[in-house]
Amino acid sequence: MPHPEPPPDPFRQGLSFAARIGVELVVSTMVGTATGYFIDRWLDTGPIFLILGVVVGGAAGMLSVYRSATRSGN
Amino acid sequence: MEASQNPLEHFALHRIVELHLFGFDVSITQATIMGWLVVLGAFGFLAAGASQRALVPGKLQSAAEFGVEHLRTLVIDNIGEKEGPRFVPLLTTLFFFIFFSNLLGLIPGMYTLTSQVMVTGGFALMVYGLSVIVGLRHHGLGFFKILTPPGTPVLLYPLMIPIELISQLARPITLAVRLFANMTAGHTILAVVLGFVITLPLWAGWLPLGFSVLIYLLELLVAFIQAYIFTTLAAVYIGDAVHLH
Numbered sequence: 001m002p003h004p005e006p007p008p009d010p011f012r013q014g015l016s017f018a019a020r021i022g023v024e025l026v027v028s029t030m031v032g033t034a035t036g037y038f039i040d041r042w043l044d045t046g047p048i049f050l051i052l053g054v055v056v057g058g059a060a061g062m063l064s065v066y067r068s069a070t071r072s073g074n
Numbered sequence: 001m002e003a004s005q006n007p008l009e010h011f012a013l014h015r016i017v018e019l020h021l022f023g024f025d026v027s028i029t030q031a032t033i034m035g036w037l038v039v040l041g042a043f044g045f046l047a048a049g050a051s052q053r054a055l056v057p058g059k060l061q062s063a064a065e066f067g068v069e070h071l072r073t074l075v076i077d078n079i080g081e082k083e084g085p086r087f088v089p090l091l092t093t094l095f096f097f098i099f100f101s102n103l104l105g106l107i108p109g110m111y112t113l114t115s116q117v118m119v120t121g122g123f124a125l126m127v128y129g130l131s132v133i134v135g136l137r138h139h140g141l142g143f144f145k146i147l148t149p150p151g152t153p154v155l156l157y158p159l160m161i162p163i164e165l166i167s168q169l170a171r172p173i174t175l176a177v178r179l180f181a182n183m184t185a186g187h188t189i190l191a192v193v194l195g196f197v198i199t200l201p202l203w204a205g206w207l208p209l210g211f212s213v214l215i216y217l218l219e220l221l222v223a224f225i226q227a228y229i230f231t232t233l234a235a236v237y238i239g240d241a242v243h244l245h
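Chains as they are written, first to last, in this note's numbering: chain H, 1 to 74; chain Z, 1 to 245.
These are calculated hints, taken from the structure and not from any lab test. Ideal Cβ positions, reconstructed from N, Cα and C, are used throughout, including at glycine. Be aware that a few hints might be false.
Simulated restraints on C-beta separations [said to hold, decoys possible]:
| id | chain 1 | residue 1 | chain 2 | residue 2 | range |
| --- | --- | --- | --- | --- | --- |
| 1 | Z | L40 | H | R41 | 39 to 49 Å |
| 2 | H | R41 | Z | P201 | 14 to 24 Å |
| 3 | H | T70 | Z | P158 | 23 to 33 Å |
| 4 | Z | G205 | H | M62 | 26 to 36 Å |
| 5 | H | R41 | Z | G210 | 45 to 55 Å |
| 6 | Z | P150 | H | W42 | 50 to 60 Å |
| 7 | H | A34 | Z | T73 | 30 to 40 Å |
| 8 | Z | L19 | H | Y66 | 41 to 51 Å |
| 9 | Z | D77 | H | M62 | 40 to 50 Å |
| 10 | H | Y66 | Z | A47 | 38 to 48 Å |
| 11 | Z | W203 | H | I39 | 52 to 62 Å |
| 12 | H | M62 | Z | L8 | 30 to 40 Å |
| 13 | Z | L214 | H | I39 | 23 to 33 Å |
Bound-form chain H, shown alone (with noise of 0.2 Å):
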């Protein structure tokens, strides 16, 4: 029978988290990046909202990144 165990001990806890904040970082620089796009097929602004949108989201992925390290912190 399944048996859901709490994880208390640390190795689980950190096999967690970094199951966690690989998916965070990709995911952020994907959505600015197509946000970006996007924005530029709309205005019909070359690739200028593009590079924004990849920066914005690099800097979105690392933000929550940090967050979920410092939340996890304390």
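Given the coordinates of chain H, work out where chain Z should sit on it, guided by the hints.
Just chain Z now, kept in the frame of chain H:
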């Protein structure tokens, strides 16, 4: 799993009963049947655990009590004493549904419900939508202060608002992609490694077979961890909406 050459083949959906309702294709696929089995499994586990109500709990009862109690503390820790208990039933249900679909999908011949991005995406949108509704109900339009973290100088608003907006928009997507990608990747690796067993000659074929057992054990751990992460993050997002930072 048959000796198919394509390791992704077992993710494909097949219509078992063709059904069309109001122009929508609502055919019953193996995923639909799997969903029923997951509901039956999760409900059966909890109902069997709760049926005896012994003072000295048996194995099943203590497993069920342990799970529910732990989830309760998890949700209340993240959302708070006052608002937390309202979300316990929803998030506990979510955990057990995801956990059982991950777990039952590991039985050979069964379908993994959570390897469909539509399923995980549906859950993610539901949870995120709920967090927005909760935020708007608690704070009204002040909920949008979530886009400006406290202590941000007004000069930096043009920079911080897009960044926060993107990190908010990324939330449901990360939630969906994480679960879906983990389950799909694990099952693909299993299929590839098991494919080696068939294609390699006998003297080498036992090696990947032993390896696949190890991966299977890892997948059992991942099945639990991913369900746990999904529930934790759902609680964190709702808690963020209640407390605003």
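Results for each hint:
no. : hint                         : verdict
1   : L40(Z) x R41(H): 39 to 49 Å  : holds, 47 Å
2   : R41(H) x P201(Z): 14 to 24 Å : violated, 54 Å
3   : T70(H) x P158(Z): 23 to 33 Å : holds, 25 Å
4   : G205(Z) x M62(H): 26 to 36 Å : violated, 45 Å
5   : R41(H) x G210(Z): 45 to 55 Å : holds, 51 Å
6   : P150(Z) x W42(H): 50 to 60 Å : violated, 33 Å
7   : A34(H) x T73(Z): 30 to 40 Å  : holds, 38 Å
8   : L19(Z) x Y66(H): 41 to 51 Å  : holds, 48 Å
9   : D77(Z) x M62(H): 40 to 50 Å  : violated, 26 Å
10  : Y66(H) x A47(Z): 38 to 48 Å  : holds, 43 Å
11  : W203(Z) x I39(H): 52 to 62 Å : holds, 59 Å
12  : M62(H) x L8(Z): 30 to 40 Å   : holds, 32 Å
13  : L214(Z) x I39(H): 23 to 33 Å : violated, 47 Å
Checked against the numbered hints given earlier, this structure breaks hints 2, 4, 6, 9 and 13; the rest are met.
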